[in-house]
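S.K.: Residue strings, one per chain:
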Amino acid sequence: MATLDLDWEEVRDQLRAWREDNTRHSEEVVDTWEHCLKHYKTKLGDERWMVEEQVFVAGLDCNRLDIADPCLMALNEQFPGSLRVRKLRAMRFEALEKFDEAMEVYDNIIRQDETNSTARKRKVAVLRGQGRITDAIKELTEYLKLFMSDSEAWQELCDLYLKEGDYSKAAFCMEELILSNPHNHLFHTRYAEIKYTQGGLDNMEIARSYFCQAAKLNPGNVRALYGLFMSCTQVLSSPKLSAQKKKETQQLATWALKEVSER
Amino acid sequence: MASLSVVKRVRDGQHWGREHHCCGEVTLGPTHLTGTSVSPHPLQVKGPRMSADISLSCPALAKILLHAARYPQTAVSGVVLAPARSGGGGDTGTPSTVTLVDAVPLFHLNLSLAPMLEVALTQIEQWYKTEGLVIAGYYQANENIKDNVPDFVALKVAEKIAENNNDACLIMIDNSRLCLDLVVAPVIVSQLTSEGKWKSKDRSSVHVEAGALDVVSQLLQRRVQHDVCDFDNHLDDLTCDWANPQINKLLTTLSAAAQD
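Same order as they appear, the protein sequences are chains A and B.
Position 259, counted from 1, in the first sequence is what the numbering used here calls 259; the numbers after and before it change by one each time, with no gaps.
Position 175, counted from 1, in the second sequence is what the numbering used here calls 175; the numbers after and before it change by one each time, with no gaps.
These are calculated hints, taken from the structure and not from any lab test.
There could be a bad hint or two in this list.
Said to hold, decoys possible - With a straight-line Cα cutoff of 25 Å, these simulated DSS-like cross-link-like pairs (lysine-lysine) come out:
1. A:Lys138 x B:Lys146
2. A:Lys87 x A:Lys145
3. A:Lys121 x A:Lys87
4. A:Lys216 x A:Lys246
5. A:Lys121 x B:Lys146
6. A:Lys87 x A:Lys138
7. A:Lys121 x A:Lys98
8. B:Lys129 x B:Lys249
9. A:Lys258 x A:Lys247
10. A:Lys258 x B:Lys129
11. A:Lys98 x B:Lys146
12. A:Lys121 x A:Lys138
Unchecked claim - Pair by pair, the computed Cβ-Cβ distance ranges are:
13. B:Ser255 x A:Arg111: 55 to 65 Å
14. A:Glu104 x B:Asn248: 45 to 55 Å
15. B:Ser194 x A:Gln250: 36 to 46 Å
16. A:Leu201 x B:His226: 39 to 49 Å
17. A:Arg111 x B:Thr193: 50 to 60 Å
18. A:Ser209 x B:Ser255: 47 to 57 Å
Even glycine gets a Cβ: it sits at the ideal position worked out from N, Cα and C.
Full structure from sequences and hints, please.
M.R.: Have a look at this one:
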């Protein structure tokens with residue numbers, strides 16, 4: 001990787017973009033920091049601390065404690081006693097698989113600040129990291145009773161239920177998400193996929209209508225188009241369908257397939 | 001584009017509705033993925049060749065491990081391909097080796113959802129039929145590094161594949177053994193016994209193509225995993241080819257170079 005040729009300002013902008021999108025590029029963050037931005041950290045101004053935090057988390061992700069530890073020390077010096085930095089210290093425990101210590105720190109943070117949502121969510125992450133999915137689900141449902149508009153949490157809960165194979169509860173989570181974000185085609189698609197997987201004529205018809213909606217919201221959504229085609233085919237194979245509905249469904253299926261092949 | 005032409009081909013035949021099968025009948029709907037029991041119920045398998053050895057070719061192993069390495073934070077899944085058996089199923093002749101010649105990475109998001117899985121399996125089956133290959137197994141890497149036990153999704157999909165292919169295998173990636181310098185293939189291969197349970201095979205009956213471990217280690221060190229496309233990537237961007245011909249080409253170049 002020719003990171004030495006990169007302009008430090010470009011790297012800084014790239015890191016900022018990734019921070020804003022909240023996407024995971026841990027390897028690249030660590031690489032660009034190590035080979036380039038580290039030497040210009042004093043030029044970053046106020047942004048330096050967010051970059052240090054970002055590099056710290058990326059370092060933990062890649063098992064590069066040699067990169068992560070100096071960042072943590074710098075942050076600790078700059079913000080002594082900060083709960084945000086304490087959370088990072090707990091994440092370091094998690095990376096070292098010292099889950100009990102991590103949980104203790106999170107509990108401390110919550111005791112000091114009841115409204116701190118990130119510490120509560122990290123607890124769920126710890127449980128998931130240990131493979132204790134049912135405990136993670138319990139913890140997350142408790143969290144959602146307090147912070148019920150947290151979309152990220154509902155998505156995580158849906159994911160956990162899918163891991164357990166509890167499709168009906170996963171569908172419920174998606175319903176909550178659709179209620180609060182009715183224009184998000186991805187939520188409609190995911191909900192339709194869950195309904196399809198549950199099977200049965202009713203669920204299949206629901207799946208078909210949600211795939212339809214997703215395709216309407218975003219005509220480029222290939223999953224929605226394929227899903228529409230599949231759910232139509234499934235509905236068509238049911239014996240209880242009236243002739244007129246059959247014809248409509250068949251038309252829908254043909255249209256969906258045509259849309260996909262045109263892309 | 002590969003898969004689009006598959007869709008076109010099938011669309012021309014009006015019997016898509018009936019011929020909507022993948023490895024037989026794929027409707028992976030309610031009774032399959034949402035069965036209440038996690039362990040598989042005994043299947044009536046026609047004479048499974050439990051004694052057949054499995055051989056992993058370099059492309060198959062490479063794609064499996066690169067796919068897992070690309071998404072270290074989530075579970076990944078895919079299928080493996082083998083040449084179609086000419087004699088049909090059920091023959092109890094002398095056991096021979098099943099060579100897994102290639103693999104197709106499928107998903108890294110929501111492995112347990114049926115619709116895209118059905119689309120993928122159908123397309124793959126159609127696409128590779130022309131090359132005389134069939135879907136011969138399913139691989140999965142779990143999310144957690146210490147977890148290499150097949151979950152309900154892996155069991156159900158593998159069962160489905162086994163219904164149409166006696167030699168079907170279930171490959172779980174041994175996450176903790178995946179590293180940059182492979183000494184042993186980090187996979188656990190299982191096949192169905194006559195009682196319908198998945199039993200993992202001895203290391204001695206799982207072979208890896210000579211030199212494959214070195215080649216794959218090299219690829220991992222060079223971070224080639226970022227070039228691997230799975231079906232999820234394809235659904236997000238139709239120009240991504242899930243057959244990954246560029247990986248096959250790279251492997252041919254590397255093994256040619258090694259022979260010089």
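S.K.: Take a quick look at whether Lys121 of chain A and Lys146 of chain B sit within 25 Å of each other, Cα to Cα.
M.R.: With a Cα-Cα distance of about 23 Å, the restraint between Lys121 of chain A and Lys146 of chain B holds, given a limit of 25 Å.
S.K.: Decide if the proposed pair is consistent with the structure: Lys138 of chain A and Lys146 of chain B, CA atoms, cutoff 25 Å inclusive.
M.R.: Given pair Lys138 of chain A, Lys146 of chain B holds - Cα atoms ~23 Å apart, limit 25 Å.
S.K.: Please work out if Lys129 of chain B and Lys249 of chain B have their alpha carbons no farther apart than 25 Å.
M.R.: Holds - the C-alpha atoms of Lys249 of chain B and Lys129 of chain B are around 21 Å apart, at most 25 Å.
S.K.: Given the hinted pair Lys121 of chain A and Lys87 of chain A, is their alpha-carbon gap at most 25 Å?
M.R.: Distance of about 11 Å is within 25 Å: holds.
S.K.: Straight-line Cα separation of Lys87 of chain A and Lys138 of chain A no greater than 25 Å?
M.R.: Roughly 21 Å between the alpha carbons, so the hint for Lys87 of chain A and Lys138 of chain A holds.
S.K.: Indicate whether the distance between the beta carbons of Ser209 of chain A and Ser255 of chain B respects the range 47 to 57 Å.
M.R.: Hint holds: Cβ distance 51 Å, inside 47 to 57 Å.
S.K.: For the pair supplied as a hint, Lys258 of chain A and Lys129 of chain B, is the alpha-carbon distance within the 25 Å limit?
M.R.: holds, 23 Å
S.K.: Given the proposed pairing of Lys87 of chain A with Lys145 of chain A, does the C-alpha separation stay at or below 25 Å?
M.R.: holds, 22 Å
S.K.: Mind checking the alpha carbons of Lys258 of chain A and Lys247 of chain A for me, to see if they're no more than 25 Å apart?
M.R.: holds, 17 Å
S.K.: Using the Cβ atoms, figure out if Ser194 of chain B sits within 36 to 46 Å of Gln250 of chain A.
M.R.: With Cβ atoms ~43 Å apart, the hint holds.
S.K.: Can the suggested window of 55 to 65 Å be confirmed for the beta-carbon pair Ser255 of chain B and Arg111 of chain A?
M.R.: holds, 60 Å
S.K.: Confirm or reject the claim that Leu201 of chain A and His226 of chain B have a C-beta distance inside 39 to 49 Å.
M.R.: holds, 43 Å
Violated hints are absent here; each numbered hint is respected by the structure.
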